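First to last, the protein sequences are chains A and B. Every position in the first sequence, counted from 1, becomes a number in our numbering once 523 is added. Every position in the second sequence, counted from 1, becomes a number in our numbering once 2 is added.
Because the hints were derived from the structure by calculation, they are not lab data. Fair warning: this is a prediction, and the values are worked out from it, not measured in the lab. Backbone N, C-alpha and C define an ideal beta-carbon position, used for all residues, glycine too. Wrong hints could be hidden among the right ones.
As the list claims (entries may be wrong) - Sample of chain A residues at the chain B side, in silico, Cβ under 8 Å:
hint: 1; residue: N525
hint: 2; residue: Y527
hint: 3; residue: A530
hint: 4; residue: G531
hint: 5; residue: Y532
hint: 6; residue: A535
hint: 7; residue: G538
hint: 8; residue: G543
hint: 9; residue: R550
hint: 10; residue: L553
hint: 11; residue: L557
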Amino acid sequence: MNGYIEAGYVVALVGVGGYGAAVAARRRKLEKVLGLTRSHAAVEASGRKDRRPGRRSEGLR
Amino acid sequence: MNPIVSRRASLVTGAVGLTALVGIAATVWLGLWVTPPAVGMGNLVRLLYIHPPVAWVCYLAFGVATAASLAYLWPRTRSRSWDRLAGASAELGVVFAALTLVTGSIWGYPTWGTWWTWDARLTTTALLAVLYVGYLAIRKVPGSPHVVARRSAVVAVLAFVDVPVNYLSVYWWKTLHQTGTVLDPSKQLKVHGIMAWTLLLGFVSFTLAYAWILVQRYRVAALEDHRDSDGLTSAIAERIAEGAGSPTRGTPSAAPAPTVSTSPAAASLGGNGAGSLARGVSSELDGASSVVAK
Chain A
524 MNGYIEAGYV
534 VALVGVGGYG
544 AAVAARRRKL
554 EKVLGLTRSH
564 AAVEASGRKD
574 RRPGRRSEGL
584 R
Chain B
3 MNPIVSRRAS
13 LVTGAVGLTA
23 LVGIAATVWL
33 GLWVTPPAVG
43 MGNLVRLLYI
53 HPPVAWVCYL
63 AFGVATAASL
73 AYLWPRTRSR
83 SWDRLAGASA
93 ELGVVFAALT
103 LVTGSIWGYP
113 TWGTWWTWDA
123 RLTTTALLAV
133 LYVGYLAIRK
143 VPGSPHVVAR
153 RSAVVAVLAF
163 VDVPVNYLSV
173 YWWKTLHQTG
183 TVLDPSKQLK
193 VHGIMAWTLL
203 LGFVSFTLAY
213 AWILVQRYRV
223 AALEDHRDSD
233 GLTSAIAERI
243 AEGAGSPTRG
253 TPSAAPAPTV
263 STSPAAASLG
273 GNGAGSLARG
283 VSSELDGASS
293 VVAK
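Only chain B is shown next, with the shape it has when bound in the complex (with noise of 0.2 Å):
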């Protein structure tokens, strides 16, 4: 990991974040106040600039959770990068799927007369959610870098399938849910321009949000990593300078102070001074970081 963002990097990442930003805050404005009332829907169509756009970046999060888990688990592309981009999609892929399953509710009650209904897209939605909840809190589950990574990203590929089960849910079984609509061409629907371009918009803004804190979530993953491996690299190190240094309790002063040398970096360094020692196994747990950081 770069431990400081370039200023280019920076900037590019600070314009997605400002163009959602915008984004958002037009479809806000075009939803609700500039936009017509559909015909049969009325107002209630206005929820529909959100609630796509939204299960969109659902699917999309978790897409991308699966493909990186995939590029974790093929030896060739094996990073540690690819499992914390995993893990920071599918963090958002969980928020966006409670905000699609809330926005539903909220736009199903005046329309279905009813906040939840066992239909097939509507719980295999909440399947989702708690399928990624649970590789969220697989993640937690201690073990070794590799150990964790390797079985969270089995956890997301298998989560993964219930993807295109949602989505053709709609197709498959007789849900309340409508199947698609707007790009389905045996329906022939008619949508005003500024309502097409509207839900266009949302489309695009939430993605452009989803990627930016994306970026943010990422970082703080590898802030993260970057903190745990420098704070063993310093306890290890203090550790045996403790016990390197320090005579212990008994012990003549003349006496070499006992070492444990574990490495031939260690041992390799020579002498008994506490100094050395722990700088030749800080120096070597700083490349096994670097690697793991990579």
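With the rest of the complex left out, here is chain A (with noise of 0.2 Å):
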């Protein structure tokens, strides 16, 4: 094989690959943010007051 081939399969890997990457951690960041987890759900649904560092006090609408 020749330098190429590798090239190729490099560029459409880590271009799918980390753009997919990129997408995947945006929308974890937003749902941390906006205190839309599954576990921050959780907290609410229990009652209990959630106070872990850099949630929303007031929880879901």
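Build the complex from these two chains, which are given one at a time in their own frames, with help from the hints.
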């Protein structure tokens, strides 16, 4: 094989994987900031005050 | 928008993502180490296990963006969800169009002796990428959500005209890029079993990867809308509370605080208390934002 083939595979994998990972990370970050994770919902449902750092006190609407 | 994704939906999305990951890994393994070289093309055929699948996903993404845009433009199906889906899919399409151009160029240099030529297929692919970059830019132009969604949808539909032109360009014009080979019965191509399966696996895996990323990207768009409407609601409520709650400088404290009742809902609450007015406006905007978020 030559370097072109490997380069083509690297470009495709890094492109798709990198973009996918970036989007997934952005999603997780937004969910955390907005307090919209399932663990947050569980705390809300239990009636306990969410004392974890960075959690919104007003919770879900 | 449902603020929290159910466990079942998460499991399904996760399964799709994992399958895509395994499929792409298997495609790489089969493509690089297992499949034999092709007669004539030699080892360069290995690049064709990823280039056509990536190009197919590019078409698919723009197709989904256009279908969602049409659904938004059609009054009976109009919903912000379609707009979000169109935006998410178009962004993916641009990424895959760029990857199509780069992987094709990497294959083209050792095969044709040039990285780039103004061939009809290559040119229309580049044009496709540029058109949808323009579409994404138009989505960022300020305006009310409905206006932005409507003009974006029109642009998406117009830009899609380039997709069939791109596909048929190799038949309409004399191009360096070859016409379809594997599915063309007139060529009577004999594809080795493992080569055909690897190519098929590449198509399926990259399609699943597209589906997984699309779900993630759509969710990001929905969360951003949620955040923006949430922020707007609290900002307005705070401003009204400020105006209604604290007497202005020089105003006697016994006098009723000046309030601007802009909505029947807020007016019907009665009383000038900042809390009640803020709650009224807030609940109304909550209703509006939930309508927007649908």
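Okay, the hints, checked on the actual structure:
1. With 8 Å as the threshold, the beta carbon of N525(A) comes within range of chain B, its nearest partner Cβ sitting at about 7 Å, so the hint holds.
2. The beta carbon of Y527(A) comes within 5 Å of a beta carbon in chain B, closer than 8 Å, and the hint placing it at the interface holds.
3. The criterion of a C-beta within 8 Å of any C-beta in chain B is met by A530(A), whose closest approach is roughly 5 Å, and the hint holds.
4. Interface restraint check for G531(A): the shortest CB-CB distance to chain B comes to about 4 Å, inside 8 Å, so the restraint holds.
5. For Y532(A), the interface hint holds, since its Cβ comes within 8 Å of a Cβ in chain B; the closest pair sits about 6 Å apart.
6. For the restraint placing A535(A) at the interface with chain B, the shortest Cβ-Cβ distance is roughly 5 Å, inside the 8 Å limit, so the hint holds.
7. A hinted interface residue such as G538(A) counts as satisfied when its beta carbon comes closer than 8 Å to some beta carbon of chain B; here the least separation is about 5 Å, so the hint holds.
8. Proximity of G543(A) to chain B holds as hinted, the smallest CB-CB distance being about 5 Å (cut-off 8 Å).
9. With a least beta-carbon distance of about 5 Å to chain B, the hint placing R550(A) at the interface is held under the 8 Å criterion.
10. The beta carbon of L553(A) comes within 4 Å of a beta carbon in chain B, closer than 8 Å, and the hint placing it at the interface holds.
11. Restraint check, L557(A) versus chain B: the minimum CB separation of about 6 Å is within 8 Å; hint holds.
The earlier numbered hints are all upheld by this structure, with none contradicted.
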